[in-house]
Amino acid sequence: MMPLLTYPLALIALAAVPALAAIYFLRNRYRRHTVSSLIFWRAQARVKEGGMKRDRLQLPWVFFLELLTLLLLVCAATGPRWQTPRTVRPLIVVLDNSLSMRAGLPAEQPRRLAEAALKNLLHERRFRSVRAILAGPAPRMAPGSGEIPGAVNDLTAAWTCQEPNAALDQAIVLATEIGRREADILVLTDHDPANPLTQNSRVRWLAFGRKRPNHAFVNARRSPYLQEDRCLFEVANFSPDSRQVVLSVRHGSNEVRQTDLNLMPGQIEKVIMNVPAQGWPMEATLSDDALAEDNRVILAPPVRKKVRVKTSLSDPVAARLVDRALTASGLRAPVNEPPEMIIHQSSQKVMEPEAWDLRLIQETPAATYTGPFVLDSSHPLGAGLNLDGVIWSGPATHRAGGVPIISAGNIPLLTSDEDALGRHHLSLAIDLDRSTLATSPNWPVLFWNLLSWRIAESPGLKEVNHRLGTDVEVTVASATASVIEPNRVVRQIQVRSNPVLFRPEQTGLHALITDRSTNVFAVNFLAPEESNLSGCATGEWGGGGQEEDIRYEYESVLWLFLLLALIMMAWHLYVLARSPVAT
Amino acid sequence: MKTEYRSQLRAGERIGHRYALAIPTAALSGATGTLLGRQAGTSIDFQEHRDYQPGDDLRRMDWNIYARSDRLAVKLYREEVIPHLDLILDGSKSMALEGTGKAEALCRLAAALAVAAEKSACTHAVWFGRKGFHRLNNDRNLPSTWDGMVFDGDRSLETDLHLMPPTLRRMGLRVLISDLLWLGDPFPVVRRLAHQAAELLVVQLLAQADVDPPGRGSYRLADSETGEELDLFIDAHAEQRYRTALAEHQRLWQQACRQTRARFLPIIAEPLLKQESLRPLEELGFLMAA
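Protein chains in written order, with the working numbering: chain L, 1 to 583; chain F, 1 to 290.
Treat each hint with caution, since some may be false.
Unchecked claim - Some chain L residues close to chain F (C-beta under 10 Å, calculated; not the full set): (1) Thr-176; (2) Leu-331; (3) Arg-332; (4) Pro-334.
As the list claims (entries may be wrong) - If you anchor each label on the Cβ, the simulated ranges turn out as follows: (5) F/Met-288 / L/Ile-23: 56 to 62 Å; (6) L/Val-62 / F/Ala-222: 27 to 33 Å; (7) L/Leu-563 / F/Asp-212: 41 to 47 Å; (8) L/Val-62 / F/Asp-212: 22 to 28 Å; (9) L/Leu-563 / F/Asp-231: 35 to 41 Å.
As the list claims (entries may be wrong) - Over 12 Å on every C-beta distance to chain F, these chain L residues come out as not near it, computed from the model: (10) Leu-197; (11) Arg-221; (12) Glu-234.
No lab work stands behind these hints, which were simulated from the structure alone.
Everything numeric in this text was worked out from a predicted model, so none of it was measured.
Cβ coordinates follow ideal geometry from the N, Cα and C atoms, glycine included.
Working from the sequences, and respecting the hints, build out all of it.
Next comes the structure, spelled out in structure tokens:
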């Protein structure tokens, strides 16, 4: 029902109600009347006291009929509108699924407060349907969403708040598209909107956050360093005051370091340390604060992958140069299994399972090129090469075949060709005796690129330590793989093409299981913007809506009040017609 | 005494000159007077003969009968009497109800009856019921000289009869004028007034307001005598019940009068005041044109 006092017509009609009451009061008040004797009246008073409840009413029925009619007309003058299932709007709730929604004590967490507010809203207002969008790095529909308004618990079951950030703007755009610009959009988050909401926006923004002091890991790396592993930790203080933070590092079951860090406001402290290259994960923790999840990182041991290279070179000079370059790369593994890379000088491609080949070709007639060379620097083999000043003796004429990576004019010098099984066949056209490439730094770089590329294309993980919210890239030789998450839930991965990308949803150690091997990788919450709780706020923005928009949700029931008023008036006439006084 | 009452007494006096009491035979007794009584007396009108009894006046012996039949007989003559009218008036407050003409009508009616009695060679006495019954001052004289008619009695007429009853003349005419609006059995009152009376006429003098209750609405009804108040919502049903109760009350009085051979006459005050006659009493046969 719309507010009564905003309608002058209703106010005027309402003023008639006390006027009517006054008329009847004055008409029916006790008038003193002296009679000769009360003997005949006293008996009547006793009759009334004994029963006849209908006569107890001092006001006639017509008064109540008139009063009711007036009240109905008053209500009609307000233009009454009622919500009906046909006119109510759908509601789309955008849930901030970032980790900062879990800051603070359990009872004070923004998520808990937002859930209570959502319950209240669904209790107070009716919606045609209620759906939820989880706002993480990319918005997605919550599994519990449906056309029929359900319990809040169903809607928020997937609202885990473990994402590294929340793309609320994208989620609002998605909600607008889903709601076809008719739905009310409710944003539940812990900070104020980045852009002010327009006055007539249907977006209602509720924030339940609070500025809290917090420190966090903002970066953590573990990489091979000679025979050891080198670890890097970056700890940031997002508090407005200086804080002393205790950093504890455990390697396997041993605590290898415990350090007190004195951090100024906004300071980021780097801690670098070397640990033995053993196959144990490292765990670093910080002292407790408002957000627990960003105080712990786990670093899995880095992958030390090498390539089994078989050389089959007839030219002793070339064999020596290649062997030196392979050895210098440090990525060469002994060939105790089928080779992964074959370097040869035969005239044909080598076809072995899983083996790539590099064919050194000495063409005749030859020509010497001093540049400029055309280099595909985006190719894995072209990274880091600088061919300025290099004298390259290659073929004098163009020879078709493969994708050129290094060319001299239209003469391809280094080409790559991929077969149906994904094996790459490389051709390097060079006369090492007449070229200076092998004596330049480009030679070992070229072989380092070659082996690195091969490692990257071999089955297994590219990287073992990931930030939450980033994709894990893995090459899987089999058709399926599975991931065991930290909570022991097994997640199946369908392999349609390599490399496979998937996004972990939890922090902690994961295990990737394929047909051939089991690889461990770690996912850590490293999100400086999310750990910084100084931007959190509580408040409500937007959602006011224009009056016309609100009225759209209510269907006019003016006809009902007028009809009832007419019925009352007809009844009034009937009562008057039957009244003995009137006759 | 209010001037309105005195003017009504004069008016009644004027009206009464046109009437005479229709005196019943039973009322012809009393002191020696001008009317022939029922019994033998000293008048010159022969009534009958009867045998002589010792002690009879020898002067009334009829010697002719003795001569013819050797039997002693005496002549009897009719006696001459003066009949008497007792007017018993209700002096309670309800008779002077504000806005009604009950008290004025009572004055006019009483005065007319008194004058009619004079015209009929009747003596009369006026008993005014006000804290017991007392004779009105100058009640033997013309009504315009009466005094002391103050309607301030706060008891019912029945109570006044018990408290200080009037001294009523034996075998006289008696007229009770009252609104009779009190609760109780009317028979004892009527029987007491009718005792040894030649005739009793009970006149119920009501105001139009007593007959027609106030219209529809809420009223705080006040008793004119006791001051008691009663809050009531009067509608059509209440009005009907009032009329029914009044009719039942009158029926009881009428029944009591019938049982004691008295006559009952209800009169509305206001119409009576507009007339220069006493037609209801005339039609009843209590008065006749002089």
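Exercise. Check each numbered hint against the structure and report the violated ones by number, ascending.
Key: When the structure is compared with the hints, numbers 1, 2, 3 and 4 turn out to be violated.
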